[in-house]
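K.L.:
These protein sequence lines are chains A and B, in that order. Using our numbering, you'd call the opening residue of the first sequence number 1 and step up by one each time. Using our numbering, you'd call the opening residue of the second sequence number 1 and step up by one each time.
By construction, these hints were calculated from the structure, which means they are not laboratory data. Incorrect hints may have been included.
Okay, the calculated bits of chain A under chain B, using three or more residues with CB under 8 Å as the criterion [unchecked claim]:
1. 146-158
2. 330-342
3. 474-484
Straight line, CA to CA, 27 Å or less: simulated DSS-like cross-link-like pairs of lysine-lysine [to be verified]:
4. A:Lys350 with B:Lys72
5. A:Lys87 with B:Lys96
6. B:Lys96 with A:Lys130
7. B:Lys177 with A:Lys87
8. B:Lys72 with A:Lys346
9. A:Lys357 with B:Lys130
10. B:Lys51 with A:Lys333
11. B:Lys96 with A:Lys106
C-beta atoms are modelled at their ideal positions from N, C-alpha and C, and glycine is treated no differently.
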Amino acid sequence: MKKRAVPLFLAVLLFLPPPNLLQAGTNFAGKPSTQEVLQKPDKEIIPQTTKKNIESISDADAMSAEIDFYRGNYDDCERILKGLKDKHDRNFALWNNELASLYLAKGMNKKAKESLSEAFLLMNNFEAFKNLEAKALGITGNEASKAYKGDPYEKVLNSLYLGLLLIDENDLENAAASFKNGILCDSDVEGDLYKSDVAPLYLLAARTQIATGNQSLADDYLKMANEAYYLSHPVNRQIVWEEQILRTKKADAEKELKKILGEQPDTTQDEKKINKKNQKKTDDLKSQIDALENQIKDKSAQREENNKKIALPNFDNFLNQQNNVIFCIESGKAPLKVQVGQYGEKAVFKLKPYKAKIFSVAIDKNINIDKACFLNNNDVMFQAQTRGGRKMDGILKGRAQFKETTAQVSTAFIGMSAIAATTAAFSGGSGDSSYAGLAISGAFLVAGLVMGAASAAANPSADVRHWSYLPAEIQIIPFSASSGKHQISLISCDDSGKELKGMESKFDIEVKDTGTTVIFKRIFERI
Amino acid sequence: MKKYFFINVLICSIFLSGCVSPYVLRKQQKTLVISPDEGVVLFTAEVTSGKYRPFQYNIQEINQYKFYGALKKYIIPCVPENMTGMFLVFGLKLPKGTYKLDFFSGQLGGFFGYQHSLAGGNIFDVTPMKITYAGRLVFGWSSAGFSQLNLVKDEYDADLELEKMTFPVLQGKEIVKDLSY
Numbered sequence: 001m002k003k004r005a006v007p008l009f010l011a012v013l014l015f016l017p018p019p020n021l022l023q024a025g026t027n028f029a030g031k032p033s034t035q036e037v038l039q040k041p042d043k044e045i046i047p048q049t050t051k052k053n054i055e056s057i058s059d060a061d062a063m064s065a066e067i068d069f070y071r072g073n074y075d076d077c078e079r080i081l082k083g084l085k086d087k088h089d090r091n092f093a094l095w096n097n098e099l100a101s102l103y104l105a106k107g108m109n110k111k112a113k114e115s116l117s118e119a120f121l122l123m124n125n126f127e128a129f130k131n132l133e134a135k136a137l138g139i140t141g142n143e144a145s146k147a148y149k150g151d152p153y154e155k156v157l158n159s160l161y162l163g164l165l166l167i168d169e170n171d172l173e174n175a176a177a178s179f180k181n182g183i184l185c186d187s188d189v190e191g192d193l194y195k196s197d198v199a200p201l202y203l204l205a206a207r208t209q210i211a212t213g214n215q216s217l218a219d220d221y222l223k224m225a226n227e228a229y230y231l232s233h234p235v236n237r238q239i240v241w242e243e244q245i246l247r248t249k250k251a252d253a254e255k256e257l258k259k260i261l262g263e264q265p266d267t268t269q270d271e272k273k274i275n276k277k278n279q280k281k282t283d284d285l286k287s288q289i290d291a292l293e294n295q296i297k298d299k300s301a302q303r304e305e306n307n308k309k310i311a312l313p314n315f316d317n318f319l320n321q322q323n324n325v326i327f328c329i330e331s332g333k334a335p336l337k338v339q340v341g342q343y344g345e346k347a348v349f350k351l352k353p354y355k356a357k358i359f360s361v362a363i364d365k366n367i368n369i370d371k372a373c374f375l376n377n378n379d380v381m382f383q384a385q386t387r388g389g390r391k392m393d394g395i396l397k398g399r400a401q402f403k404e405t406t407a408q409v410s411t412a413f414i415g416m417s418a419i420a421a422t423t424a425a426f427s428g429g430s431g432d433s434s435y436a437g438l439a440i441s442g443a444f445l446v447a448g449l450v451m452g453a454a455s456a457a458a459n460p461s462a463d464v465r466h467w468s469y470l471p472a473e474i475q476i477i478p479f480s481a482s483s484g485k486h487q488i489s490l491i492s493c494d495d496s497g498k499e500l501k502g503m504e505s506k507f508d509i510e511v512k513d514t515g516t517t518v519i520f521k522r523i524f525e526r527i
Numbered sequence: 001m002k003k004y005f006f007i008n009v010l011i012c013s014i015f016l017s018g019c020v021s022p023y024v025l026r027k028q029q030k031t032l033v034i035s036p037d038e039g040v041v042l043f044t045a046e047v048t049s050g051k052y053r054p055f056q057y058n059i060q061e062i063n064q065y066k067f068y069g070a071l072k073k074y075i076i077p078c079v080p081e082n083m084t085g086m087f088l089v090f091g092l093k094l095p096k097g098t099y100k101l102d103f104f105s106g107q108l109g110g111f112f113g114y115q116h117s118l119a120g121g122n123i124f125d126v127t128p129m130k131i132t133y134a135g136r137l138v139f140g141w142s143s144a145g146f147s148q149l150n151l152v153k154d155e156y157d158a159d160l161e162l163e164k165m166t167f168p169v170l171q172g173k174e175i176v177k178d179l180s181y
């Protein structure tokens, strides 16, 4: 009996769920899987202050800062973000972007510009934190351990905000450079049609060029602004999306065709056979490309037809330097980037619905701003979703496959080890054969554990850090006002034009004597 | 005898511990105290096919500032007392933050049925010191099998009645709408 006790114990041990399952099971009773202390229900709780010293602030507090931001607890949010920024860690650009959004909501343009500038330098520096990027590429590396430099849409918005704030400071040359950078970042996406679809960037770039006396460049930007507005207009989005898929398919087919044609051997008999095989493939690809070409033409024609239905805002208002105020209304909450997939290897965006879509703006109670002056449809979700695939997505997919395969092999080895141990326990043979069985079981167990360790070490989860303080949409309104103090009345309406009760606001603005005054107003839908 | 007692205690602690969760509101609950770092979220689920009986659902914390492995995962049992006909009524008290309703696990069919998981993906916010209504999830039978969980309906008035009936502690409390997405 004693002889069987050891393999029997081993067999029982091996039939228990693997450690990762046990770990998940620990919170079956609702207990947290990570360290935390929670109150039992129905127990009187004395509210405790959650304020921490700046030195003890860590990344774990960043979510608390985000909640504070959306709840309007700006001081608490600022304290945490400043503490995080002072660490000068890999998320330096993220903390700065978030601080900038906070300062904009507080109406502190100068501080927002400083934070955006610091983020801008890091987000557009390819060499910064290079060592972290190399580490993240390994099979055991974690993408989130890289330095945050933002997706193309985040870079675009950083440049847009920075450019606007530089206009506010009358630093037109740097503003122009910032818009140009934004335009370059916008083109850093996979799909051709999404390469230049941020109309405000082109319009503001055109405005700064006119202010600096460069009319021909301004005309070029204006032309691009028209195109970008049509491409990104909600009426066209479905067709643009379908057309982009066709274009990508066509590009892939052309690539394959080029590869085959490039590999065509010259003379010998065997090679002729290959040529025959290739000939069929080549013909198929050529007809596929022709068909795709026709479909693309159809979609382009549909897009052109749709463009006729779109009423362009009066772009002249943007270019007119007499319009010395640029008023930006930020509404909604930024798209949320979340991990999906078995190992969180994919990142998707989710948008929290928001009501305030249409606005009425009046200056000094009686001057209503014409809605034709509003530049709208600048929704962040559209920009975030059209960034295209990344090279890192392929790496993460590979890692997820590796993790799954090694986990399966590990489970199989551990299962075989259990069977070997059970067989040894109940074989009824001599002590030697029992121990031989145990040795085989041990070997399987070691192999299983090695594979399990390899599986556990692989880290396929996607990096979902994102500028979550951004609004869902930005509407830009240029207008003219005399220098000095003015009162703005803002009424928010839903997409049917119905006024949203409790969301109207009145606030004072100070228009500068010279240059352009840029005003930001964030609309929060707090519960 | 002592040995068997120990084994029984061990088995019971493993299998019966899921019956109570500090996050789930209970019918017999007399008071509801929400600390500044937590909130209550209410939602219902409509099962349009009687063949499916969910027994637990998984919720995952959404926090971009944490590594994926460090995100909290909660397995919440579906308490039979919270089931009214085709409706499942949920009330959860959770730490403030954003969460994803990951999936439901349940049994499809009667006694000889099999386990079936319904993938979700709905996001909801837990607002500190607030009781929020996150909507009604609808899942039912279709020719392609069970539909996904991401259909959310706003049935504020009807669902609040159900919630208050299931959790009397909610009577007289302010409940605000903050639908999942």
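K.L.:
None of the hints should be skipped; say for each whether it holds.
P.N.:
Do the hints match the structure? See the list:
1. 146-158: Per the Cβ count (0), the hint is violated.
2. 330-342: Result for this restraint: holds, n = 5.
3. 474-484: It is violated: at least three residues are needed, and the region 474-484 of chain A offers just 0 whose Cβ sits closer than 8 Å to chain B.
4. A:Lys350 with B:Lys72: holds (20 Å)
5. A:Lys87 with B:Lys96: holds (25 Å)
6. B:Lys96 with A:Lys130: Outside the cut-off at roughly 35 Å; violated.
7. B:Lys177 with A:Lys87: violated (38 Å)
8. B:Lys72 with A:Lys346: holds (18 Å)
9. A:Lys357 with B:Lys130: Holds - the C-alpha atoms of Lys130 (chain B) and Lys357 (chain A) are around 26 Å apart, at most 27 Å.
10. B:Lys51 with A:Lys333: This hinted pair is violated, its Cα atoms lying about 39 Å apart.
11. B:Lys96 with A:Lys106: This hinted pair holds, its Cα atoms lying about 24 Å apart.
Comparing the model with each earlier hint shows violations of hints 1, 3, 6, 7, 10; every other hint is respected.
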